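> Listed below, chain by chain, are the residues.
2 protein chains.
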Amino acid sequence: MNKIKIFSPATVANVSCGFDCLGFAVNDLGDTMSFTKTKEKGVKISKIIGANLPYESDKNAASAVALAMLEKHPADFGLEIEIHKGYAPGSGLGSSAASSAGAAFAVNELLGKPFSQLELTKFAMFGEQIACGSPIADNVAAAIYGGFILVQQYSPLNVIKIPVPSELMLVAIHPQVQVKTKDARDVLPEEIPLKDAVTQWANVGGLISGLYANNYETIANSLKDIIVEPARKHLIPHFDEVKQTALDYGALSAGISGSGPTIFALCKGKETAKKVHQQIDELYQKTGIDYTMVLSKINTQGVTILESN
Amino acid sequence: MNKIKIFSPATVANVSCGFDCLGFAVNDLGDTMSFTKTKEKGVKISKIIGANLPYESDKNAASAVALAMLEKHPADFGLEIEIHKGYAPGSGLGSSAASSAGAAFAVNELLGKPFSQLELTKFAMFGEQIACGSPIADNVAAAIYGGFILVQQYSPLNVIKIPVPSELMLVAIHPQVQVKTKDARDVLPEEIPLKDAVTQWANVGGLISGLYANNYETIANSLKDIIVEPARKHLIPHFDEVKQTALDYGALSAGISGSGPTIFALCKGKETAKKVHQQIDELYQKTGIDYTMVLSKINTQGVTILESN
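Sequence lines, in order, name chains R and W. Heads up: the first sequence runs through residues 1 to 309, numbered per the UniProt record's numbering. Heads up: the second sequence runs through residues 1 to 309, numbered per the UniProt record's numbering.
Don't read these hints as lab results, they were simulated from the structure. Bear in mind the structure is a predicted one, so any value in this text is a computation, not a measurement. Warning: the hint list may mix true and false statements.
Chain copies aren't distinguished; within one or between two, either way the pair holds.
In silico lysine-lysine, DSSO-like type, Cα no more than 30 Å apart, as pairs [to be verified]:
#1 LYS195 to LYS59
#2 LYS224 to LYS195
#3 LYS47 to LYS275
#4 LYS274 to LYS195
#5 LYS113 to LYS5
#6 LYS195 to LYS122
#7 LYS113 to LYS85
#8 LYS3 to LYS270
#9 LYS233 to LYS3
#10 LYS268 to LYS72
The task is simple: from the sequences and hints, build the whole structure.
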C-alpha cells in the first residue's frame, strides 16, 4: 500500500452524565485525509482545506502523530498528508481528534498494521496533546473504535466499546460562537457534593445499561448531567431553549458536545430526529446567530478506508 | 394460598464504585420467613428466631411492610409472621432489607400478586425506613429482583436488573464488631473533587459494561471505590489486610458491604473463591476477633418460595 484515503469521524465527548469518559462517533461528519508514501523521509503536510491549521510537522496534530508512529516503528519511507476538514475546529465535535485519529489509523495501515486500536488511541492522544494541550482520550477513542466508547481508566489506558442501539440518531447544532476551552474549564467546580456525584454515577450506570439492553427509555432517563451542564450552559447561546425544543419533539435527551458550543440531541429513529432537527433549525433561525446542523446515525466503525493502492 | 414460606436473600449494597446505587443478592445466606393467613385482621409477629427484633407490628420492618400493603390492597384476612433470621442484623448485608423484601414478596403472593416488582420495592423501602430511618432502595431491590441491580433514580424510582456473569462468586467475612450507621455516614465527605467523581463514574460505567459483556477483567478493573472506602475502611478491623489477601489469591476485587463491617470479595469461579475464603479465614483467625464467613454464588432470582399451600 502506497497511498490511503480515509474518513475520520467527528465525535461527541462528555456525553451528558459521562463527562470526561464517554464519547461516540458521528457517521456523516468528519475529515477526509490522504496519506502518501514518499521516498524522502519525514512527514510533510502538503495541503489543508477547510481550516486554518499549522503546516509545521511538529505542530499539526496529524503530522505529529505520524512522526511519533514512525519513530516508534521506523520505516524506509516518509509521508505526505492532505487534510480536508469536513467541519470547523472549535465546534466541540472533536476536530483535532478526527485529524489525530485519522492519522493514527492511516499510518498504521501504511506500516502494515503493527499497532492495536488501544495503541492507536495512545498515538492519537499525543495529537490531542499537540493541538489542545492535554492528551484527552474520549474523542480520539470514539473516532478510532467507532460507536460509543467508555474511557474506563487512563493509567493504564482502558477503552471499552459499548454497543449502539440501531435506531439511535444524532441531531447536532453548532452555533458559530467561540467557547474557549479555558473558559469551559474555568466554570467547572473543583469540588461537588457527594450526593450529586451519586446521582451522576447512577445515571452513567443506567446509560451503559440502556445501551447494552437496547432500552431507549433507560437511555432517556439516564442521559442527564447535573454537574457540568448547569455550570457550562450559559456559555452557549439559547442552550435551554434548544434542549427544551429537542425534548418537546421527542428527543431522548440533549446536552453539550465536548466543551461546546455544539449542542447534541439523541433521538430514537429517523422520523423523530428529522422533527427535532427541523424544530431546532426554526428556533435558531430566529436568533440571528450563524449555525450549522447535522443529522446523522451513530458511526459504529470508526475511521474507515475510502481508497487505497 | 393460605400459607407461604419464603427465603429472602442477604444483599451486598454500595458495591465498590456503585455507592448508594448498586447492589446484589447472595444465594446462600438470608432469612426464612413464614406468612399464614388468619381470620382475625391485622398483622402479628408470632416468632422471631435468631435476632433480637421488635414484635410490635408497627416497629418490625416485616410487619410494617405487610400492614402498608394490606392498607393499600385491603383483604378479608390478617397475617401471622414467623421470622428465622439466617444472619445477624448490623452485618452490612441488608438484614432489615431481607425481612422487608421477604414480607413484600410473600404478602403479594397471598394477595394474588397485585403488585409489580417495582411496587414491592417501594413497600420494602418503607420497611427500611422503619428499621433504619431512611428508605434506601439498593438492598431491598437486590433482594426482590435478585442478581445485580442498579437504582438508577429515586424520583420516580427506577430499578434496573443487570446480568450476572455465571462464574461470579462471593466471599464475605463479617467481623463481629459494631459499625454504627451514623458513624459510617459521619465519616463521608460532603463534597468530593470533581476529578475523583469522574474516576468513580467511569468505573461504574466499566462495571456495568463488564457485567453485561461477561468480561471479568473489566469487572476487576472497575470494582474500585476511591471515595467511600478510603473514608470508611478504618472502621473495619484489618480491612486492608483482608482486601490485599483477597487480591493476592485471585479475587477480582474486594470492598465494604453496605456500611460494613462485612467485607466482600468477588471472584471468578469456585476454585478461586475457595482459596480466597481459606486465606481470609486463616488471616482472621489470628486477629482474635470473632467472625463468620460465607462463600456463595450470586442469587439471580431474588426472594423464592420454599413452601406454599
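> Hint by hint, note whether the structure agrees.
Each hint, compared with the structure:
1. For the identical chains of this complex, LYS195 and LYS59 are inter-copy neighbours only, at 29 Å across copies versus 42 Å inside a copy, given an alpha-carbon limit of 30 Å.
2. For the identical chains of this complex, LYS224 and LYS195 are neighbours both inside a copy (15 Å) and across copies (18 Å), given an alpha-carbon limit of 30 Å.
3. For the homomeric pair LYS47 and LYS275, neither the shortest alpha-carbon distance inside one copy (38 Å) nor that between copies (62 Å) is at most 30 Å.
4. Taking identical chains as interchangeable, the C-alpha atoms of LYS274 and LYS195 are never at most 30 Å apart, the minima being 37 Å within one chain and 37 Å between chains.
5. Proximity of LYS113 to LYS5 under the C-alpha cut-off of 30 Å is restricted to the intra-copy arrangement: shortest distance 16 Å within a copy versus 62 Å between copies.
6. In this assembly of identical chains, the alpha carbons of LYS195 and LYS122 lie at most 30 Å apart only when taken from different copies (21 Å versus 34 Å within one copy).
7. In the homo-oligomer, the alpha carbons of LYS113 and LYS85 lie at most 30 Å apart inside one protomer (25 Å), although the nearest pairing across protomers, at 61 Å, exceeds that limit.
8. Proximity of LYS3 to LYS270 under the C-alpha cut-off of 30 Å is found in neither arrangement, the shortest distances being 36 Å within a copy and 53 Å between copies.
9. Taking the closest pair of Cα atoms, LYS233 and LYS3 never come within 30 Å of each other, the shortest separation being 43 Å inside a single copy and 58 Å across copies.
10. In the homo-oligomer, the alpha carbons of LYS268 and LYS72 never lie at most 30 Å apart, since the shortest distance is 43 Å inside one protomer and 37 Å across protomers.
Going through the hint list in order, the structure does not satisfy hints 3, 4, 8, 9 and 10.
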